[in-house]
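Q: My request is simple: use the sequences and hints to build the entire structure.
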Amino acid sequence: MQFEQAKTNHLQTCVNLGDGRFVKCRFASLRREAEALQFIRANTTIPVPSLFLVFQREDKWYLAMENIGGTTLRSHCENMSATQLVGVANKLKEYMYQLETLGSHRCTMGSWPKGPFSNVFFALARHFRFKVPLPTEEYNNMAEFHNYWVQRLGDHPQCDFLRDALSKEVLSEDKVVLSHGDLNTSNIMVSADGHILSVLDWDTFGWYPAFWEPMSMWRGGRWRTQWLNAVEAVFKQTDIIGYHLYNSPRLPWD
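Following this note's numbering, the numbering of the sequence shown begins with 1 at its first residue and continues without gaps.
Hints listed in this document are in silico derivations from the structure and should not be mistaken for laboratory results. The reader is advised that the hints may include incorrect statements.
As the list claims (entries may be wrong) - Using 27 Å as the maximum straight-line C-alpha spacing, the simulated DSSO-like pairs for lysine-lysine come out as follows:
id : residue 1 : residue 2
1  : Lys236    : Lys91
2  : Lys236    : Lys93
3  : Lys91     : Lys175
4  : Lys114    : Lys93
5  : Lys175    : Lys93
6  : Lys60     : Lys114
7  : Lys175    : Lys114
8  : Lys236    : Lys175
A: Below you can see the structure in the form of structure tokens.
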């Protein structure tokens with residue numbers, strides 16, 4: 001019954017089958033996410049669900065994986081102490097270092113193992129206010145990456161300072177690292193005592209500017225002050241311009 005409901009839903013759906021399996025389904029392909037899960041399990045200590053099956057039926061894709069349990073950090077962080085939240089942020093920083101080591105010596109930016117970005121942060125560009133299409137190819141350097149966002153700002157009032165800052169050469173020197181791409185609090189499952197059980201949603205896996213992952217952590221939990229304090233304490237991003245630009249509350253792509 002649950003599986004059939006997932007099949008007929010027109011949006012991405014996640015269904016707990018109640019037997020230790022969790023099914024994710026949507027219209028876009030899930031094959032790359034399945035391959036990413038296998039790659040992460042084989043090459044890192046990052047906890048991810050075991051993959052059971054990925055397949056396409058008619059016009060929808062299904063990804064069946066282990067249901068590890070726990071609660072999203074988004075739901076649970078208000079019950080956690082500042083020390084526990086800093087511990088989670090430090091563990092995520094360790095995971096990020098493992099990925100960076102795997103994906104070193106690359107200059108182009110895009111999805112793993114190749115291709116343009118597949119990330120909801122970019123997908124918001126489909127909003128009627130933005131006339132910029134989704135990325136169609138990898139970016140060869142930081143200037144191309146930032147130029148995408150300059151175009152997306154368009155002639156939006158109040159954004160002249162962002163347009164100017166994103167156009168400056170000072171942003172072109174940030175290194176490229178292999179990253180999850182969306183470590184927001186909804187993609188991190190934690191136990192009752194605040195330990196990370198699993199990191200979910202690897203469809204965004206790819207090569208990003210080094211500031212991107214801390215930024216996604218901050219933006220994904222910006223309504224939870226204790227989490228933001230933990231991120232700032234662990235990553236100390238006060239001197240990284242790109243981090244603050246893309247976190248600006250004045251950005252029109254929220």
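Q: Next, verify each hint and record whether it holds.
A: The hints, checked one at a time:
With a C-alpha separation of about 15 Å, the suggested pairing of Lys236 with Lys91 holds against the 27 Å cut-off. Simply put, Lys236 and Lys93 have alpha-carbon atoms about 12 Å apart, close enough for the 27 Å limit, and the pair holds. For the hint pairing Lys91 with Lys175, the CA-to-CA distance comes to about 21 Å; that is within 27 Å, so the pair holds. Pair hint Lys114 plus Lys93 holds up; C-alpha atoms about 24 Å apart against a cutoff of 27 Å.
As the CA atoms of Lys175 and Lys93 are separated by approximately 16 Å, the hinted pair is consistent with the 27 Å bound. With a CA separation close to 23 Å, the supplied pair Lys60 and Lys114 stays within the 27 Å bound. Among the hinted pairs, Lys175 with Lys114 is consistent with the structure: their alpha-carbon atoms are about 18 Å apart, no more than 27 Å. Only pairs whose Cα atoms come within 27 Å are accepted, and Lys236 paired with Lys175 is accepted, the gap being roughly 17 Å.
Violation of the numbered hints given earlier is absent; every hint is satisfied by the structure.
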